[in-house]
Amino acid sequence: LFDLINHSSWSEEHCVQLDVEAEDFVVRCSKDVAIGSELFKSYGEHSDAELLRTYGFVEMGRSNPNNVLVATQQELLEACRPSSIGNEAERLARVQNLLKPVTLSGK
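For the sequence shown, position 76 (counting from the first letter as 1) is numbered 602 according to the numbering used here, and the numbering increases by one without interruption.
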């Protein structure tokens, strides 16, 4: 039964609490759900990379709120440094491109 409860990174979708009482597993819904609706809980606040590594899936359809971009101070300074890229607008566009979220394709 537990395997049928899926993960969601969005707290507004969480509706299930799992408990153990005596020798029984108990599944409780924290809100009303329609018959046939998918049930969600959180496996933790994981990025897509961690979900893929640990559980073998990523959530498709919208950007995971737990994704982060790790950039060193040196990388940011290099992106902002006046270089062969001409004007300030072009340098800003370069930094914005570096910080753009990566979207995984379902293909």
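Be careful, since some hints might not be right.
Claimed, not checked - The calculated label-pair distances, taken between Cβ atoms and stated as ranges, are:
(1) Glu604 to Glu571: 26 to 32 Å
(2) Val546 to Glu616: 20 to 26 Å
(3) Arg588 to Val621: 20 to 26 Å
(4) Ala548 to Ser573: 26 to 32 Å
(5) Val553 to Arg607: 37 to 43 Å
(6) Gln622 to Val559: 38 to 44 Å
(7) Ala619 to Gly570: 34 to 40 Å
(8) Thr580 to Arg607: 35 to 41 Å
(9) Tyr581 to Ser556: 20 to 26 Å
(10) Lys557 to Glu616: 24 to 30 Å
The set of hints was computed from the structure by calculation and includes no laboratory data.
We treat Cβ as the ideally placed atom computed from N, Cα and C, and that holds for glycine.
Structure-inconsistent hints, enumerated in ascending order:
2, 4, 5 and 10
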